[in-house]
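From just these sequences and the hints, can you work out the full model?
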Amino acid sequence: MGKKYNEALKQFDSKKEYSYQEAVALAKKTNTAKFDATIEVSFNLNVNPKYADQLIRGAMVLPNGTGKTRKVLVVTQGAKEKEAKDAGADFVGGKEILEEIKKGWFDFDTIVATPDMMGELGKLGKLLGPKGLMPNPKTGTVTMDVTKAVEEIKKGKVEYRVDKDGNINCLLGKSSFSDEALAENYKALYDVILRARPSTVKGAYIKSITVSSTMGPGIRVTAE
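To convert a position in the sequence shown, counted from 1, into the numbering used here, add 85.
Bear in mind the hints are in silico, worked out from the structure with no lab data behind them. Where a beta carbon is used, it is the ideal one built from N, C-alpha and C, also for glycine. Take these hints with a grain of salt, some might be off.
Here are the in silico distance ranges between beta carbons for each label pair [said to hold, decoys possible]:
| # | residue 1 | residue 2 | range |
| --- | --- | --- | --- |
| 1 | G217 | D264 | 23 to 31 Å |
| 2 | E205 | A308 | 25 to 33 Å |
| 3 | S99 | V286 | 23 to 31 Å |
In structure tokens form, the structure reads like this:
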């Protein structure tokens, strides 16, 4: 750990749990990066993702966005191509654009696809899967309503998914956001995670929560 990181640690009690409003403010204060760092949250949940009903996954639009501009590729055909372009998609195409991906083109952040194209996209599973780019109905990226999908992503839609250790890591915004904007984003995400509690989980559902900046220390948050 560097000098700046150690100095940041002195600005709060690492053993204490803070309210989410205090935590996001401290995450900004203890940011050690010179750039506009991302503020992130990590939930450690009492779930076992090996069971289908405990594999928590979904997507939502943060009230104040993410602070990131995402390039959206819509894989579709026919009239839906014009709809996608009108909605603000950065790239639109069918089989021809999938050929470009096969050749190594990945100048996009998210793929939205209409159901009729999933058969072709499925053939690229080994390329897209490891990068987390495969569209999924649970996150709203496989849909006929491409306008809604593109607009939500552009407004600040985030995806969340529990990993094998029961953790969900998600961004909340940028260090340039106001404390209030970050707190509002946190509360919206927290409420969604809370509502996703599987009925089969016994005891405490949220084991711990930590908020931090990209290169800063983690601040423990009270699981209200």
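Would you pick out the hints that fail for this structure and give their numbers low to high?
2
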